[in-house]
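Asker: Spelled out, the chains give:
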Amino acid sequence: MTRPGDGDRAEPVTTGGTIAVANLHAQVDGLTARVLSALPPTPAAPMSTGEPLVLIDLLILRGHVLGRVADYERAAGLAGRLARGAAGDGQALLARARTRATFHRFAEALADLRAAERLGLGGASLAAQRAEILQATGAHAEAGELHRDAARRRPDFATLGALAVFHAERGELAEAERWFTEARQRYQGTSPFPVASLDYRRGLMWHGQGDRPAASSWFGASLRRVPAYAPALGRLAEIDTARGDHQAAIGRLRPLASSSDDPGHAAALARALAAAGQHSEAGQWHGRAAARYDELARRHPQAFAGHAADFRRRGPSLDPRPCDDGHSPPRRQSFAAAWPYGR
Amino acid sequence: MGDHFSSPRVFGDPAADIADVFVFPSPDRPGHVVLVLTVFPSATVTSLFSDAITYRFRIRPVTVAAPGAGPGYDVSEDEYTFDFTFAGEGVGGLAQAGRCVTPGGEEVVFRAGEQLTAKSPGLRVFAGARLDPFFIALTGVRETRQLGRLSFKPVDANANDGQNILAIVVDADLAAMLGPGDGPLLAVVGETVTSGGHPVRLEHTARAELKNFIMSDKQFDPVNRDIEIRDLYNSEDPFRLAPYYLDAYRARLNANLAFYDGLDGKTDWPLNDRGEHPLTGFLLADFLVVDISKPFAEGSYLEIDRAVLAGRPHVTCGGRPLNDDIVDLLFTLMVGGVDGPRISDGVDQATQPATRAFPYLHSPNPAPPPLTPPFELPQVPDHAAS
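Chains as they are written, first to last, in this note's numbering: chain A, 1 to 343; chain B, 1 to 386.
Simulated from the structure, these hints should not be mistaken for laboratory data.
Values in this document were obtained by computation on a predicted structure and should not be read as measured data.
Some clues are possibly wrong.
Derived coverage of chain A by chain B (criterion: at least 3 residues anywhere in the stretch with Cβ under 8 Å from a Cβ of chain B; other residues may be distant) [unchecked claim]:
1. 52–64
2. 261–267
3. 271–279
Here are the computed distance ranges between Cβ atoms for each label pair [said to hold, decoys possible]:
4. 245/B <-> 148/A: 21 to 31 Å
5. 153/A <-> 353/B: 44 to 54 Å
6. 262/B <-> 114/A: 31 to 41 Å
7. 352/B <-> 145/A: 52 to 62 Å
Just so it is clear, CB atoms sit at the ideal spot from N, CA and C, and this is done for glycine as well.
Pulled out of the complex, with its shape left as it was, chain A reads as follows (with noise of 0.2 Å):
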């Protein structure tokens, strides 16, 4: 087992997290000011799909580093309007299938795929978003060969990161290791989101295992990239609960059930304040999870649904054992997410 810094010959220079985070606020806020500017298109100038792509990519981005299901929302109204709006456009229909994967809608994202590989897109945006979602539906054999493939052709942060995560989701320990070592020192961007993201899924691989010092060690390495990184917060969060410390699991969970609209993270809290016997207020975050399960679910079955009835399944008597909602979209959606670019 790898800890944060062993064997990596230089840790990655990074933006702060919490500028990187400031900047991504206004990033967004910016990027949105500039695709409202573009619209109604024009016939003879249909709307670009340049700056909106970059958008699509920043709200998925944001979704998953502060656990925002809305952005997600955003990310893929835009992207439908791109793919009715520009007809004949493979990198629309690309950015449709990434929201649409998203919520889990995965044969409409392969079918996507399909259609924007007709339209003469490839390479590797698209190689590598059909491999996420192949891996997402079990396609392991498939979509390890898409990894290993791209990972051949162009061996850097991205795609050895992509083996990483394939490795680590099969358990696959010694040779997801190597592969999150080799990523990390080909990291040459100043944004925190992809190392934290990385670290944050070798930390998951580690949970996985039952190996608690090595998960809370790689969530803690993401957590120094990005203070206020959702997911890991999450998880270092149930590792509190599970080692009988509910207090410290209150700490982290309460602002991020605040900021965050994952029904995870208020489910996780009602159950951490229950255990501590705090049982007034975890029965009002149980009712607000509750309600935006109820809500999301009508919205993105294939997404939600499953979360939904097993937090029903439950009921109100606030059993502390964590949901198995570790794969809700904001948590799922995670290395590729922090990684758009450059694919």
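We have chain A already, so just place chain B on it with the hints.
Answerer: Chain B in isolation, oriented as in the chain A frame:
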């Protein structure tokens, strides 16, 4: 869009994304030269410089190359730099601390948003959010590129109206900092480079729209129709391009410059027998050339370059003043030749033209154009409408 959004690699860190570089003799302090680097397109007043990036001006003396000797200029190996770095603070109402290191090694510490006169004789620096001086009729440009013919309106709206950027401004007595015999022609490049460890060049920028207008479109490229080459080009040293991807850049520029040349239905830039466009080599050596012996003059952008291409002496300071209409000047050069009739995109100045007093750029717009709602927020998932 100047150089805004010209590098997919830095989309994830907008503080690394160079928007524009300007250089011009100071209009209010004769003998001084002003350098301006803008980053973070569509910034807000809360946007911050990265604490992991060095923002750099690189300056090299140049002379006009002998006719037929190459891309236009002989570049000296001597180099002078201004390096700007920023602290990680600045969030929560504190002004971000910055540091400038001059070519002579002097360190100047300042706070973003404050104007500062350093100990060096007459050196002034500024860094902070400002109104973006870039202006463009984006719809006209888009239609022109889409339709393959000039499609500008006589009068159009500035698509960049009200947008902010983060700006770094230096006003220095450059002549006093140069070695003996250096100048008066200087080549200037702006760069963002990673700080600490092995430095990685994220972007370099000089001539406006080289990457966005001329390098980004892939459909005419006979070699690489699915490769984004701007990241590769951005990582290059513009004073010495590595040989590895040179042919890819040349193929892209040869094809796209020929497209622009044909927008008026005639050929002003015939390709040579190897299929090379006369501007390709010239533009790939991407730096702004300024004559610091000449006084400030607006409308001087590309004038020295055009004079070199025409084989005649230049008459202005060249460089790139803040208010120059670079879209008009670039289209005029690409479409009509060195001295072709002026082509206008219908937007001739920024909504608030830059001033002639330091730091030259206007205060930022506290409320850039409408931020929300961005578009129709989906009340139902997009599959219901698709």
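Asker: Would you mind marking each hint as holding or not holding in the structure?
Answerer: Now for the hints, and whether the structure bears them out:
1. Residues of the region 52–64 of chain A with a Cβ under 8 Å from some Cβ of chain B number 5, which satisfies the need for three, so the listed coverage holds.
2. Given a C-beta distance limit of less than 8 Å, the hint that chain B covers the region 261–267 of chain A is violated, as 0 residues qualify and 3 are needed.
3. With 0 residues carrying a beta carbon less than 8 Å from a beta carbon of chain B, the region 271–279 of chain A misses the three-residue requirement, and the given coverage is violated.
4. With their beta carbons about 26 Å apart, residue 245/B and residue 148/A fall inside the hinted range of 21 to 31 Å.
5. Separated by about 49 Å at the C-beta atoms, residue 153/A and residue 353/B satisfy the suggested range of 44 to 54 Å.
6. At about 36 Å, the beta-carbon gap between residue 262/B and residue 114/A stays in the expected band of 31 to 41 Å.
7. Checked against the given bound of 52 to 62 Å, the beta carbons of residue 352/B and residue 145/A, roughly 56 Å apart, stay inside it.
Hints 2 and 3 from the earlier list are contradicted by this structure; the remaining hints agree with it.
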